[in-house]
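Engineer: Just need the whole structure built from these sequences, with the hints factored in.
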Amino acid sequence: MKRSTAVSMGSGGSDGSVGRSRAADQNLAIIQIRNCLLVSIQTELHDRLALDLQESLMERVRIADAIGVILDVSAVEVIDSYITRILNDIGKSVRFMGAECYIVGIRPAVAMTLIEMGVELDSVHTALNLDLALERLELLQ
Amino acid sequence: MPKKENGPAGIVEFTQSRLEDLVQALAYAAIDDFEACLALMKGTLVGDSFATLEGGFTDFLTQLVGAKSDLNDALVQAEEANRNLEAKLETIERQQAAIRELSTPIIEVWTGVLCLPVVGIVDSQRSAEMTETLLEMIVAKQARTAIVDITGIDAMDTKTADHFIKMAKAVRLLGADCILSGINPGIAQTLTHIGVDLTGIRTLRNLRDALQAYLREHHAEHLRPADRRV
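Note that the protein sequences, when read in sequence, are chains B and R. Residues are numbered in this note's numbering as their position in the first sequence, beginning at 1, plus a constant of 991. Counting from 1, position 66 in the second sequence corresponds to residue 50 in this note's numbering; the numbering is continuous, with no gaps.
Please note: incorrect hints may appear among the correct ones.
Said to hold, decoys possible - Sample of chain B residues with no beta-carbon within 12 Å of chain R, all distances over it, derived:
id : residue
1  : Q1045
2  : M1103
3  : H1116
Stated by the list, open to error - Here are the in silico distance ranges between beta carbons for each label pair:
id : chain 1 : residue 1 : chain 2 : residue 2 : range
4  : B       : K1083     : R       : R192      : 24 to 32 Å
5  : R       : L199      : B       : E1107     : 51 to 59 Å
6  : R       : E74       : B       : L1131     : 53 to 61 Å
7  : R       : E85       : B       : E1050     : 47 to 55 Å
8  : R       : G170      : B       : M1049     : 19 to 27 Å
9  : R       : K72       : B       : Q1045     : 55 to 63 Å
10 : R       : I178      : B       : G1109     : 17 to 25 Å
By construction, these hints were calculated from the structure, which means they are not laboratory data. All C-beta atoms, glycine included, are put in the ideal place defined by N, C-alpha and C.
Structural biologist: Below you can see the structure in the form of structure tokens.
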């Protein structure tokens, strides 16, 4: 696994490592807020990126002892069946580690496409926005 | 009328006037004044070869006039039909737009609660439009719950039920809840009979119950952390 320790973005003095994708210069910052991990995906989510995210995210959940993982996909315009599978996998693995996974900000068009394709995002929770996801995760504590 | 110098004056003049009549008639024909043209050619039938020409010309003209008036009639009719069709098309387009607007009246009945009353027939195109509008409204208003009220639907088949299931799933993907309210006894029996699986979709008696359920739950949700702290 290729990883690099880069800019510290987490609060609470965690090591703030960032998962780096093998595709040129694209990496997704995993930000720690209290005991939740937040990934804001501001780019198109392709397969390699998603797989790398999955790997580094699991590691971070263990290190940070997080109770929740929030993936913000409000900037993602295309979610295909493979990405859906990876997201479901992330949800399952995160749950095995005792945390919950929230996908927030799915676009209406993306939601309609997923439903039309008949794929289900059933291993993750969904929330309208970051605020609501954090609120629901806080209720779990 | 200038007289010609050569030849016997009477015949030349006679022929000349007939020729001039013919030329005049042609001029009339050229400017589409067939009545004047035919009036000019009338009574010129004399049994010589020039008369044959005149007769032929008159016949030709009569046929031309007939054909032309037929054509005009047909054109007028076609135009009329075209205008009618265009008016009808316009009406249909206007009505379609009106129906589209009518089909998705989304009301924010409470902060964070959207209500979509559905009336009439739900086909796949309409359901897609309704879902699209509903999802966009949920995101715009950041609504937590969408109540789809189907009091106005009398009968439901598997396809329609499927549309509503898809709508509920899409709403849930965004992170909001979807409640189906106002299922009438007939539909309830049909759905059970044809074995439609509505698990995962909350169904409540009517809009009032749905709204009450939302308020009850979200009241509880806001209380829960406080309860835990005590």
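Engineer: Per the hint of 47 to 55 Å, is the separation of the Cβ atoms of E85/R and E1050/B within bounds?
Structural biologist: holds, 52 Å
Engineer: Given the hint of 17 to 25 Å, check if I178/R and G1109/B actually sit that far apart at their C-beta atoms.
Structural biologist: holds, 20 Å
Engineer: Going by Cβ atoms, does H1116/B stay more than 12 Å from chain R at every point?
Structural biologist: Check fails; 8 Å does not lie beyond 12 Å.
Engineer: Check the non-interface label on M1103/B: least C-beta distance to chain R beyond 12 Å or not.
Structural biologist: violated, 6 Å
Engineer: Please test the hint of 53 to 61 Å on the beta carbon pair from E74/R and L1131/B.
Structural biologist: holds, 58 Å
Engineer: Starting from the range 55 to 63 Å, see whether the pair K72/R and Q1045/B falls in it by beta-carbon distance.
Structural biologist: The hint (55 to 63 Å, Cβ to Cβ) holds, given that K72/R and Q1045/B are roughly 58 Å apart.
Engineer: Classify the label on Q1045/B as holds or violated, using whether its beta-carbon is more than 12 Å from each beta-carbon of chain R.
Structural biologist: With a cut-off of 12 Å, Q1045/B remains clear of chain R, as the shortest Cβ separation is near 20 Å.
Engineer: Kindly confirm whether 19 to 27 Å is satisfied by the beta carbon distance between G170/R and M1049/B.
Structural biologist: Once the Cβ atoms are compared, 51 Å apart, the range 19 to 27 Å for M1049/B and G170/R is violated.
Engineer: Quick one: are L199/R and E1107/B within 51 to 59 Å, going by C-beta?
Structural biologist: Since the Cβ atoms of L199/R and E1107/B sit about 33 Å apart, the hinted range of 51 to 59 Å is violated.
Engineer: Between the beta carbons of K1083/B and R192/R, is the distance compatible with 24 to 32 Å?
Structural biologist: violated, 39 Å
Hint violations for this structure: numbers 2, 3, 4, 5 and 8, all remaining hints satisfied.
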